[in-house]
Amino acid sequence: MKKNKWGMIALGLVIFLIMVTFPFWYGKGSKTPPPVLSLDTPVIHEMKEKRCVEDTSFMRANHMKMLNAWRDEAVREGHRQYTAKDGRTYEKSLSGTCIQCHSNREQFCTRCHDYVGAKPTCFNCHVVPGEVNK
Amino acid sequence: MTSNRRDFLKIAGASALTLMTPAVFRPVWAQDITRIPGQSITPAKALTAKRWAMAVDPLKCRDGCVDCIAACHATHNVPDFGNRKDEIKWIWTEPFAAAFSGENHAYYGQSIQNMQLPVLCNHCANPPCVRVCPTKATFKRPDGIVMMDYHRCIGCRLCMAACPYGARSMNYRDPRPFIAKINPDFPTRTKGVVEKCNFCEERLAKGLLPACVLACEQKALVFGDVENPASEIRLALGKRFNLRRRAHLGTAPQVYYIL
Amino acid sequence: MLEKALKGSRGYWVWIAFLLAVVATGFFFYLRQLDYGLGVTGMSRDVSWGLYIAQFTFLVGVAASAVMLVLPYYLHDYKAFGKITVLGEFLAVSAVIMCVLFVFVDLGQPSRVMNVLLHPAPTSILFWDMIVLSGYLLINIIIGWVILSCNRKEIPPPQWVKQLIYLSIPWAISIHTVTAFIYAGLPGRSFWLTAIMAPRFLASAFASGPALLIIVCLILKRYGRFDAGEKAIQALSKIVAYALAVSIFFVLVEVFTVFYSGMPEHEAPFIYLFAGLEGHHNLVPWMWTSAVLAFAALGMLILPPIRRKEGLLAIACIAVFVSLWIEKGLGLVVTGFIPSPLEQITEYFPTGTEIAITLGVWAVGFLILTLFYQIFVAVRSGIDGVRHDEAAANMKD
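Chains as they are written, first to last, in our numbering: chain A, 21 to 154; chain B, 11 to 269; chain C, 142 to 538.
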């Protein structure tokens, strides 16, 4: 009886370990190519110097934090103007600033979010102009 | 900055001029702003006040006119579900007996009984909705506007119970499919959050008066800084008898009805 | 001790399976609500709280009522309750868990629930309610578990638990007071705007909670191999009788104030409840049922010969529970919205989905309660098997 109990405990632990580590060994070996993000929009084409609010590596790593900060500052404090590191100023606005250039949500935002498994809810409310004028 | 109508026209005129001037002659404040198409904000243009308020002159309203409602609801992507249960509204009309139930009596004539008054969020100086909100999703700005942060609202609806004016609506379902034409300049809401009139704070930031005020051909709505003795709204409130809805509750509502 | 919940009779397992089925059904419908939004319920722009918040309010009372066992035993050394204080504490635990679940299923954006902690708003009564409820939950889990463990080992409970128990007494009062303040502090809702709201809540809680405990004790006696002792049950029934009397008195006080002052804003909701307003009388039959049950139960409970008969006592307790459930679980919350601030009367009908979710949450509560009580009975029968004479002594005095 006593031996049986320990056997059951060990079996339970093994099953638990397998389930916890499942995501690691399940995807092993298979490779999903990183997404190609498109900058092919009319507004970006017209820009002489192709640069975002901040430099690309910063934006890639921090755009979510930046948008969260913009959101709180614009909505709650009424501070709507963002001064970039290079001194240029922008309106703190997803629809009014970001989406004006990145008007191709599917090829830019969604592709990468899908790849990394992020599910931001921004676009439940915020509107991409090109997507609504049906 | 003052914000009565004359000042507003001056600003609007000046802003219109800057649009016509070539880029080289842009005013100083605009020079370092990177031009992004569609971007229309400059802090200097924003309309500001110590306390925003509205005066409604319902006697000026045309019978059956819904211009203010249509303008507001189109601007703010307010959905139309076609039923009373899920209904969402920011500004609408009510008969005198409903809007001022305490002041009503049986001897008012037909003209007063049939009068339809525009009602909306009163942007109370002592707002119960702000007091009760458990996440500060509803808050009062220094300029008196009672604002909703739709990002933060958890949809508990305590504010709806607290509001003595019935000014708040809940998104009982996804509103997007029920918006006739989405205005991309203003977000829609997501299901599960409460919403209400915001005194067009997004337009004030761009130097524009509220949509309902501009839409009213009869000029029945006056909007301005009630703390500024020279403002149009102060002059109107000082000269004519006016009432606020359920003012005895101590909420200090900032929508005044000139009667 | 937990393993004791895994051993039970056939009836026990059938009951567990039934509860699990109700929970699963509720969960299925909750997923639908999550997908569609709160529009699947009967709530509307005018009546923006319904069954969920009403159940929450009612169950806060049930949770608070544990104090009616703890206080006589620990402050007045009333020995008859010694065996069953743990039952009260576990009842409180499952009731608070139901409360939390009812608030949760009522949220439009449940994924953002942590905002209450991330952006705390001390001016909001809901914020304080969250604090007192979670504190009360924690306190009762600890007390119930430690006392039961000590019972099993037949050692006296440690001193620090005593301190916690003393703390739990005012804390129980606070949960229902704070919950009443959610309603009583709103300027535009005349029906709720009354200082007697918190006392009313407490009085009805101290009737409905102990009534439920009596029912549970009688069930345990009949099917669960546990006898709380007649003395304890009779003491409880007296508590129910007095609390019910006070509760009825408070309602009548309210009715006097409202109608004698004659202020239309305060009268309208009461007229809606008991007579119907402008052709709307959804709740009228319910409220009269509640009133009749309350008076009938009071009549039965204040007469010692009736309340001493277990069968009649059970009927009286069921009447109390149903009556107060109608009063708080249906009448109190919905009527606060009727008429609306714009003099509209919108009636509220809970939908099938809403009822299924509500039953699901109740089933979660009863499941937790059943598991706790199963453990409790197993522990008790271990003790009582040894000390049968003590139980007999209890019965005598």
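Hints are computed from structural coordinates only; laboratory data are not their basis.
Each hint should be verified, as a subset may be incorrect.
Think about it this way: if two alpha-carbon atoms lie no more than 25 Å apart in a straight line, the pair counts; the simulated BS3-like pairs of lysine-lysine are [claimed, not checked]: (1) K191(B) to K60(B); (2) K229(B) to K60(B); (3) K145(C) to K450(C); (4) K220(C) to K362(C); (5) K249(B) to K229(B); (6) K25(A) to K145(C); (7) K148(C) to K220(C); (8) K303(C) to K25(A); (9) K220(C) to K25(A); (10) K249(B) to K70(B); (11) K55(B) to K105(A); (12) K249(B) to K55(B); (13) K229(B) to K70(B); (14) K68(A) to K105(A); (15) K146(B) to K85(A).
Hint by hint, where does the structure go against what was stated? Just the numbers, ascending. Hints 1, 3, 7, 8, 9 and 12 not satisfied by this model.
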